[in-house]
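**Q** Now for the letters of each chain:
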Amino acid sequence: MSDAHVGSPAPVTSPARVLDEGTSLSALTVVGQILIRSGSVIALLVGWELLAQSGAFTTFLLPPLSLVLERVWEDLTSGELFVNLGLTLYRAAAGFTIAAVGGIALGILIARIRAVHWLFDPVVSVGFPMPKIAFLPVFMLWFGLYDFSKISMIAFDCVFPVIAATVAATQSVETQIIWSARSLGAKDRTILWEIMLPAALPQILTGLQIALPIALIVAIVCEMLMGGEGLGGAMIQSSRFANSPGVFAGILEIAVAGWLVIKGQEWIRRKLLIWHQESQNVATV
Amino acid sequence: MAATAWRYTPLLLLVIIWEAGTRLGIISTWALPTFDSVVTAWIGLLDGGELLYHAGASLMRGAAGLGLSIVIGTLLGILMAWIKPIRIVFNPIVQVFYPIPKSALIPIMMLWLGFGHSSKIMLIFLGCMLPVTISAFNGARGVDHVLIWSARSLGASPRQVLFEVVAPGAMPEILAGIRTAIALSFVLLVSSELIVSREGLGYLIGWLGDGGVYNAMFAVVLTVAGLGFVADRGWLMLMRRMLSWRE
Amino acid sequence: MAEGNRVTAAIRVDGVSHVYRPPRGRPVLALDKISLEVHEHEFLALLGPSGCGKSTLLYLMGGFMPISEGSIYVGDRQVTGPGPDRGIVFQHFALFPWKTVRQNVLYGLEKLGLPREEQIRRAQEYIDMVKLTGFEDSYPNQLSGGMKQRAAIARTLAVDPQILLMDEPFGALDAQTRSLMQEELLSIWQRTRKTVVFVTHDVQEAVYLAERIAVMTARPGRIKTIVDSRFQEKGPGLLKSPAFVEKVDDVWNLVRQEAIAAQGGAKAGGGD
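Just so you know, the sequences run in chain order A, B and C. Heads up: the first sequence begins at 1 in this note's numbering, then just goes up one per residue. Heads up: the second sequence begins at 1 in this note's numbering, then just goes up one per residue. Heads up: the third sequence begins at 1 in this note's numbering, then just goes up one per residue.
Think of the hints as simulated: they come from the structure by calculation, not from any bench. It should be emphasised that the depicted structure is a prediction, and the values quoted were computed from it without experimental measurement. Beta carbons are placed, not taken as given, at the ideal position from N, Cα and C, and that holds for glycine. Hints may be right or wrong, so weigh each one.
[What the hints assert, rightly or not] Just a sample of chain A residues kept apart from chain B, beta carbon distances all over 12 Å, derived:
1) 50
2) 51
3) 54
4) 186
5) 193
6) 269
[As the list claims (entries may be wrong)] Here are the in silico distance ranges between beta carbons for each label pair:
7) C/22 <-> A/190: 22 to 32 Å
8) A/259 <-> B/71: 25 to 35 Å
9) C/66 <-> A/198: 23 to 33 Å
10) C/226 <-> A/276: 40 to 50 Å
11) C/120 <-> B/5: 56 to 66 Å
12) A/115 <-> C/22: 19 to 29 Å
13) A/55 <-> B/113: 14 to 24 Å
14) B/116 <-> A/74: 28 to 38 Å
15) A/198 <-> C/246: 42 to 52 Å
16) C/33 <-> A/123: 44 to 54 Å
17) C/191 <-> A/259: 55 to 65 Å
18) A/118 <-> C/260: 43 to 53 Å
19) B/84 <-> A/190: 49 to 59 Å
So that you can see chain A by itself, here it is in the shape it has in the complex (with noise of 0.2 Å):
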């Protein structure tokens, strides 16, 4: 794509990569790391108990940690936090899988054949910056009021990611490892499943590391605004209901569910792609 267009991804990193700390903490035990990093965090923590509680804020407008973990324990063991936790990742993984899907089919098309190209091209290029969920009440106009119009907003959101991302990966895999699979006997057909596609997987997957915490945000969006279950949908009706401890206890749970996925999608990138990261220890013979 051109780079009129937001260029493609930036390898995404989590923030322990981002913000890397200083070598003076290599001395350290693992232990020991593990609590300076999060140190700050159980500092935030510690903070956030004790403004609660001194008096400065009212309940209102900070409730104590300590009630917000209630309100926590209290979604869990009534079971309604695995129904909305549930509900809200089913429409994200639904509508991310959909633009992953479709994406890397479309990406790959519009690499390499021209018409399919010229096409899509400015559609791409124009949808990606615009702010996507203004177009949320058309789908629902479209779609209704229940999960599918929630899917397909999530897909419409993500797709953009994943196409720019399957294009540039496409457009960028080595000629001269096409050249060496040909002449190695390897025929057309079998160049874009055998070759390309593992060639262009790691800019791939990228794309989908950003598409998929983009998938959550639009889902969280879209039940707010449409209510019903769902975390975003508990969310708006906690903070309607002026009950702040169950907002605190929604932006933990969310908070948590954003964590696991990040995380995950590292595992992931880690096991499908051992023979990239390995540029570390290089043999000498």
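Given chain A's structure and the hints, the job is docking chains B and C onto it.
**A** Coordinates of chains B and C only, in the frame set by chain A:
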């Protein structure tokens, strides 16, 4: 010039299909009003003043929140890269907030600040801080050590190095981070206005939709989408100009 | 090494021209009516300055790019596309990064449709031949430059091509590794006796490895002259012999003018 026109022709095709399809009854006008009715509605909104009023509210909120996040985020990011204690303190905070979908902050803002301007501005400010801070940090960190050492050996004080070497060196990455923040600000703005607002373009869309005035609703939706697109392209052009030394 | 009866040409290049069309800018004539014969079992070097089109000529022989004018014959068949009869080794290895060394070497063998045990046996044979035993299950990213190139050579040799096309294969390696690899290539060639077309810009490398050197002009590339580079015995000791040094000097003089012309007139872009 001609090349650009040719490149965007498929969009024209899309519009033609839209108009033809709805006119010929292939697509039900209940679901999709004709393109020209959307245009007429748009002009009507413009004349009636609603469009400008709500657009003004939205853009004001967006600009305020975004502007604050850019200034403070850049400062914080660069300081984090430059001064270790600051980094150690803020690093985990960033790590904690990074995976949280920023839209989760909408109900809290509503709780704390209500339906008006301040909740949106705060939301955008907090949400956009993250990409800006991270890019500023990475950008500042990424400045080649040899550049800093050269400056020092030429007599620059640490403060001068910060302003004259590190900040400009981090610029490309910061500008890229701001681009992300701009897109995010639009999303947060529209989302929060759709859900909890009494004015603004998002609110207008919802209000028109509830009232069944679909051609006007489509008009505003397209306006918002268009604004997002223009903002992104505009920023891109600005980036190119500012980074012309890179070419 | 007895001089055989070299009647059949392994590769015959007949009046081949090639035009390079960059995405932006005007087309450039890269090769100008080149005619050349590569004899069977010989080691031929294509030597010339940057941009002279030597790699382009190699790619045309390999069938990777379409020929604008003229034709290339391998044996008695015209080249229309790539195939396992012409193995290729690239400067930047072009290994499949998601496959281990063994899987890379097996790739061509799988295409040949041999029985599985035979594939594995052959792959191991060639891995051993290039002295990568023990690294069969390593990924390319874990290997040094020299090892990657050996893996690439093993992969290419495994399908037993009659012709070996090599595009500055040691250009990306450090000087020491390069010397070692040159010796190894020489010994492999002496054992397997394939036809080798070897592209390089390094005069000493060409004189050391090749039996004949085709010196090319700066762009548009033509064959300036063909130099004989056979010696009594090829080995590391050769490098110091006066005959060798003199030959290198002669060839360098031929190349120097072209190199200067290439420096002055050459612009960025354009294939080599």
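**Q** Hints first: check each against the structure and report whether it holds.
**A** Hint-by-hint comparison with the structure:
The claim that residue 50 of chain A is not at the interface with chain B holds, since no C-beta of that chain comes within 12 Å of its own (minimum 17 Å). Listed as a non-interface residue, residue 51 of chain A keeps its Cβ farther than 12 Å from every Cβ of chain B; the least gap is roughly 14 Å. Listed as a non-interface residue, residue 54 of chain A keeps its Cβ farther than 12 Å from every Cβ of chain B; the least gap is roughly 18 Å. At roughly 34 Å, the least C-beta separation between residue 186 of chain A and chain B is larger than 12 Å, which holds for a residue marked as non-interface.
With a least CB separation of 29 Å from chain B, residue 193 of chain A remains clear of the 12 Å interface cut-off, as annotated. Residue 269 of chain A, annotated as away from the interface, keeps every beta carbon of chain B farther than 12 Å; the closest lies near 15 Å. A hinted range of 22 to 32 Å for the beta carbons of residue 22 of chain C and residue 190 of chain A is consistent with their spacing of about 30 Å. The supplied range of 25 to 35 Å is met by residue 259 of chain A and residue 71 of chain B, whose beta-carbon atoms lie about 29 Å from each other.
At roughly 27 Å, the beta-carbon separation of residue 66 of chain C and residue 198 of chain A lies within the given 23 to 33 Å, and the hint holds. Residue 226 of chain C and residue 276 of chain A have their C-beta atoms about 45 Å apart, which keeps the hinted 40 to 50 Å range intact. A beta carbon spacing of about 58 Å between residue 120 of chain C and residue 5 of chain B agrees with the range 56 to 66 Å that was offered as a hint. Taken as a hint, the range 19 to 29 Å holds for the pair residue 115 of chain A and residue 22 of chain C, whose Cβ atoms sit roughly 23 Å apart.
For residue 55 of chain A and residue 113 of chain B, the Cβ-Cβ distance of about 21 Å falls inside the hinted range of 14 to 24 Å, so the restraint holds. Our hint of 28 to 38 Å for residue 116 of chain B and residue 74 of chain A holds, since their Cβ atoms are close to 32 Å apart. At roughly 50 Å, the beta-carbon separation of residue 198 of chain A and residue 246 of chain C lies within the given 42 to 52 Å, and the hint holds. About 47 Å separates the C-beta atoms of residue 33 of chain C and residue 123 of chain A, a value consistent with the hinted range of 44 to 54 Å.
Checking the proposed 55 to 65 Å range against residue 191 of chain C and residue 259 of chain A shows it holds: the Cβ atoms sit about 59 Å from each other. With their beta carbons about 45 Å apart, residue 118 of chain A and residue 260 of chain C fall inside the hinted range of 43 to 53 Å. Hint check: residue 84 of chain B to residue 190 of chain A, Cβ distance near 53 Å, so the stated range 49 to 59 Å holds.
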